[in-house]
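Engineer: Per the working numbering, the very first residue in the sequence shown carries number 1; after that it's consecutive.
A hint or two may mislead.
Label pairs and their calculated CB-CB ranges [claimed, not checked]: (1) Asp208 x Gln115: 17 to 23 Å; (2) Phe267 x Pro142: 26 to 32 Å; (3) Gly86 x Ser212: 43 to 49 Å; (4) Ala42 x Gly246: 39 to 45 Å; (5) Asn197 x Gly246: 25 to 31 Å; (6) Gln115 x Phe267: 20 to 26 Å.
It should be emphasised that the hints constitute simulated quantities derived from the structure, not laboratory data.
We put the CB at the ideal spot given by N, CA and C, even for glycine.
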Amino acid sequence: MSVGMDAVSTAPSLEVPSLEVPSLEVPSLEVPSLEVSGLAFAYPDGHQALFGVDMTIGRGERVALLGPNGAGKTTLVLHLNGILTGGAGTVAVAGLPVGKKHMAEIRRRVGIVFQDPDDQLFMPTVREDVAFGPAAAGMRGPELEARVQKALSQVGMAEFADRPPHHLSFGQRRRVAVATVLAMEPEILVLDEPSSNLDPASRRELADILRSLDVTVLMVTHDLPYALELCPRALILSEGVIAADGPTGELLGDDDLMGAHRLELPFGFDPKSVAKSVTMGA
């Protein structure tokens with residue numbers, strides 16, 4: 001599969017059909033980035049994954065979505081850009097209902113970075129991977145080149161633009177995967193286990209990148225210290241419902257709440273002391 005790259009001077013010229021993306025008005029800043037109301041969903045085999053989820057995330061928030069395996073986190077995330085539909089309830093992105101009418105715009109506004117970066121990197125070079133989304137949406141010429149350069153610069157990977165992705169380290173590939181989503185200029189960045197398989201230096205570098213971005217972030221993670229470091233607010237999803245919503249440090253410091261939902265902190269980790277230092281450094 002290939003994509004139009006005539007505007008990226010150092011890459012070969014490739015072609016894909018353009019996808020028409022509708023032009024929509026910019027919503028008021030008072031409209032939440034994400035609003036989920038009464039979302040319920042059952043898979044064809046009858047397994048009920050979500051039971052009336054309600055959540056609202058404001059513009060520019062960084063929110064952690066926590067919960068044990070099987071809680072419904074993946075099912076919820078896949079509703080945010082219309083990969084899954086058909087259940088009860090509603091999902092709105094910047095005031096736009098997730099549905100067929102607005103699907104192209106919804107998928108531009110909600111970018112998902114998967115746990116394995118290799119699921120998103122399939123082109124011969126980093127540059128072509130990052131250009132793929134905007135080019136498929138019809139972008140060409142200097143605008144495409146500038147968009148690619150901006151996204152790579154945001155994640156500190158501009159100097160690797162002409163490298164094959166498989167020649168990069170895992171941490172570098174994770175950053176390029178983030179760039180492929182940023183190139184679409186999303187309003188909401190959804191990250192699935194962003195710290196998994198990263199060494200300490202790569203974890204720190206990615207955290208710095210995520211803090212620098214002017215987007216709404218929803219981070220799905222089992223890495224509770226990383227959630228506390230990056231996200232002032234957290235949601236706990238358990239058995240298909242939102243069981244708790246509040247400041248991350250307070251939730252992680254509630255032993256009864258954590259135990260009830262099978263969440264465990266690393267031995268010796270004190271979320272209250274870390275939360276104070278994070279707040280002071282914010």
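Engineer: Look at each hint and say if it fits the structure.
Structural biologist: So, going through the hints one by one against the coordinates:
1. Asp208 x Gln115: 17 to 23 Å: holds (20 Å)
2. Phe267 x Pro142: 26 to 32 Å: Distance hint for Phe267, Pro142 is violated at roughly 54 Å.
3. Gly86 x Ser212: 43 to 49 Å: Given about 37 Å between the Cβ atoms, the range is violated.
4. Ala42 x Gly246: 39 to 45 Å: violated (29 Å)
5. Asn197 x Gly246: 25 to 31 Å: About 29 Å separates the Cβ atoms of Asn197 and Gly246, which means 25 to 31 Å holds.
6. Gln115 x Phe267: 20 to 26 Å: Taking Cβ atoms as reference, Gln115 and Phe267 lie about 25 Å apart, which means the hint holds.
Figure legend: structure checked against the earlier numbered hints; hints not met, in rising order: 2, 3 and 4.
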